[in-house]
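Undergrad: Line order of the protein sequences matches chains V and C. Numbering that gives the first Met the number 0 puts the first residue of the first sequence at 0, with every later residue one more than the last. Numbering that gives the first Met the number 0 puts the first residue of the second sequence at 0, with every later residue one more than the last.
Hints are computed from structural coordinates only; laboratory data are not their basis. This structure is a prediction, so every number in the text was calculated from the model and none was measured. Treat the hints with care, as some may be off.
[As the list claims (entries may be wrong)] Calculated from the model, a selection of chain V residues having no Cβ within reach of chain C, i.e. all distances over 12 Å:
hint, residue
1, L46
2, R50
3, R80
4, R100
5, E105
6, L122
[Claimed, not checked] Partial selection, computed: residues in chain V whose CB lies under 7 Å from chain C:
hint, residue
7, E66
8, Q69
9, A71
10, V72
11, P75
12, Q82
13, H86
14, F108
15, W120
16, D124
[Unchecked claim] Output of the computed footprint for chain V on chain C, the stretches with three or more beta carbons under 8 Å from beta carbons of chain V:
hint, segment
17, 90-103
18, 106-118
Backbone N, C-alpha and C define an ideal beta-carbon position, used for all residues, glycine too.
Number of protein chains: 2
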Amino acid sequence: MSVKPAGPDDLTARYRGYLDCLNAQDWGRLGEFVADDVVRNDARLGLDGYRAMLEADFRAIPDLRFEIGQLAVESPTVAARLQFDCHPAGVLFGLPVNGRRVRFAEHVFYAWRGDRIAMVWSLIDVEAIAGQI
Amino acid sequence: MSVKPAGPDDLTARYRGYLDCLNAQDWGRLGEFVADDVVRNDARLGLDGYRAMLEADFRAIPDLRFEIGQLAVESPTVAARLQFDCHPAGVLFGLPVNGRRVRFAEHVFYAWRGDRIAMVWSLIDVEAIAGQI
Numbered sequence: 000m001s002v003k004p005a006g007p008d009d010l011t012a013r014y015r016g017y018l019d020c021l022n023a024q025d026w027g028r029l030g031e032f033v034a035d036d037v038v039r040n041d042a043r044l045g046l047d048g049y050r051a052m053l054e055a056d057f058r059a060i061p062d063l064r065f066e067i068g069q070l071a072v073e074s075p076t077v078a079a080r081l082q083f084d085c086h087p088a089g090v091l092f093g094l095p096v097n098g099r100r101v102r103f104a105e106h107v108f109y110a111w112r113g114d115r116i117a118m119v120w121s122l123i124d125v126e127a128i129a130g131q132i
Numbered sequence: 000m001s002v003k004p005a006g007p008d009d010l011t012a013r014y015r016g017y018l019d020c021l022n023a024q025d026w027g028r029l030g031e032f033v034a035d036d037v038v039r040n041d042a043r044l045g046l047d048g049y050r051a052m053l054e055a056d057f058r059a060i061p062d063l064r065f066e067i068g069q070l071a072v073e074s075p076t077v078a079a080r081l082q083f084d085c086h087p088a089g090v091l092f093g094l095p096v097n098g099r100r101v102r103f104a105e106h107v108f109y110a111w112r113g114d115r116i117a118m119v120w121s122l123i124d125v126e127a128i129a130g131q132i
């Protein structure tokens, strides 16, 4: 078996396809983009755990939308600064947002294995949220 | 005047040169890598302010060393997950570290203009430090 590594343009398109999948909450397709044994921030979530995390994110933030601010793709790595502009319903990251509008960023690195995301390292700008409520 | 955009290999080498400059605390050369009007996290620090920030970082963390964990270069953008393993002397990000060993990451995006860094967006994993003291 050989896993053909994706080129930069392919990988950019795949990553945008992944974000489209998230924004559509099209969870049946998540496994096209995310490996069965995916690890996020050193936790081995697996595809099911990763999907559960994303579903919980959309429950906490009903108008959640993933938008790219900055992007650097160098196969097999994708790095994105994602920008969120949303109204979390209740408490988010321990902060009582309670429906107010907040804008914040996530800086996330993905290591791809072939067509799928195998490792994720994410940091979220919680301090920015704290400054807005 | 034309500013020739750096290719990916050039930019990777330039970025590694920038980190070498930081690790050597060779502040006289910082202007080779950082634009006079550099903006960091929406603050227009300028080269002098940027240098002052870095000098303060090394005062707070005498054994500070910038090491690349993950890197994605797609000109004119560089994205790095930097990994720190160090002994901050006193209070760092409001946390009383007081010389203990801490390991933490920074996720940082740089927009280059020609040979120099023009914009920086940085997030630091302060929560990881809190969990180690």
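Undergrad: Could you run down the list of hints and mark each one as holding or not?
TA: Results for each hint:
1. A cut-off of 12 Å between C-beta atoms confirms that L46 (chain V) is not in contact with chain C; the least separation is 22 Å.
2. For R50 (chain V), the condition that its CB be more than 12 Å from all CB atoms of chain C holds, with the nearest at approximately 24 Å.
3. A Cβ of chain C approaches the Cβ of R80 (chain V) within 12 Å, the least distance being about 5 Å, so the stated non-interface status is violated.
4. No beta-carbon of chain C comes within 12 Å of the beta-carbon of R100 (chain V); the shortest separation is about 18 Å.
5. Not every C-beta of chain C lies more than 12 Å from that of E105 (chain V), the closest at about 8 Å, which undercuts listing it as non-interface.
6. A beta-carbon of chain C is positioned within 12 Å of the beta-carbon of L122 (chain V); the least distance is around 4 Å.
7. At about 14 Å, the closest approach between the beta carbon of E66 (chain V) and any beta carbon in chain C exceeds 7 Å, and the interface hint on this residue is violated.
8. About 5 Å separates the beta-carbon of Q69 (chain V) from the nearest beta-carbon of chain C, less than 7 Å, and the hint is met.
9. A distance limit of 7 Å between C-beta atoms decides the matter here; for A71 (chain V) the minimum to chain C is near 4 Å, and the interface restraint holds.
10. At its closest, the beta carbon of V72 (chain V) sits 5 Å from a beta carbon of chain C; the interface hint therefore holds under the 7 Å criterion.
11. Restraint check, P75 (chain V) versus chain C: the minimum CB separation of about 10 Å is more than 7 Å; hint violated.
12. For Q82 (chain V), the interface hint is violated, the least distance from its beta-carbon to any beta-carbon of chain C being 10 Å, above 7 Å.
13. Given hint, H86 (chain V) at the interface with chain C, is violated; its Cβ is 22 Å from that chain's nearest Cβ, farther than 7 Å.
14. Of the supplied interface hints, the one on F108 (chain V) holds, with its beta-carbon coming within about 5 Å of a beta-carbon of chain C, less than 7 Å.
15. Restraint check, W120 (chain V) versus chain C: the minimum CB separation of about 6 Å is within 7 Å; hint holds.
16. Because the smallest distance between the Cβ of D124 (chain V) and any Cβ of chain C comes to about 6 Å, under 7 Å, the interface hint for this residue holds.
17. Given as covered by chain V, the segment 90-103 of chain C fails the check, having 0 residues with a CB less than 8 Å from a CB of that chain where 3 are the minimum.
18. As drawn, the segment 106-118 of chain C meets chain V at 4 residues by the rule of a beta-carbon pair under 8 Å; at three or more, the given contact holds.
Of the numbered hints listed earlier, those contradicted by the structure are 3, 5, 6, 7, 11, 12, 13 and 17.
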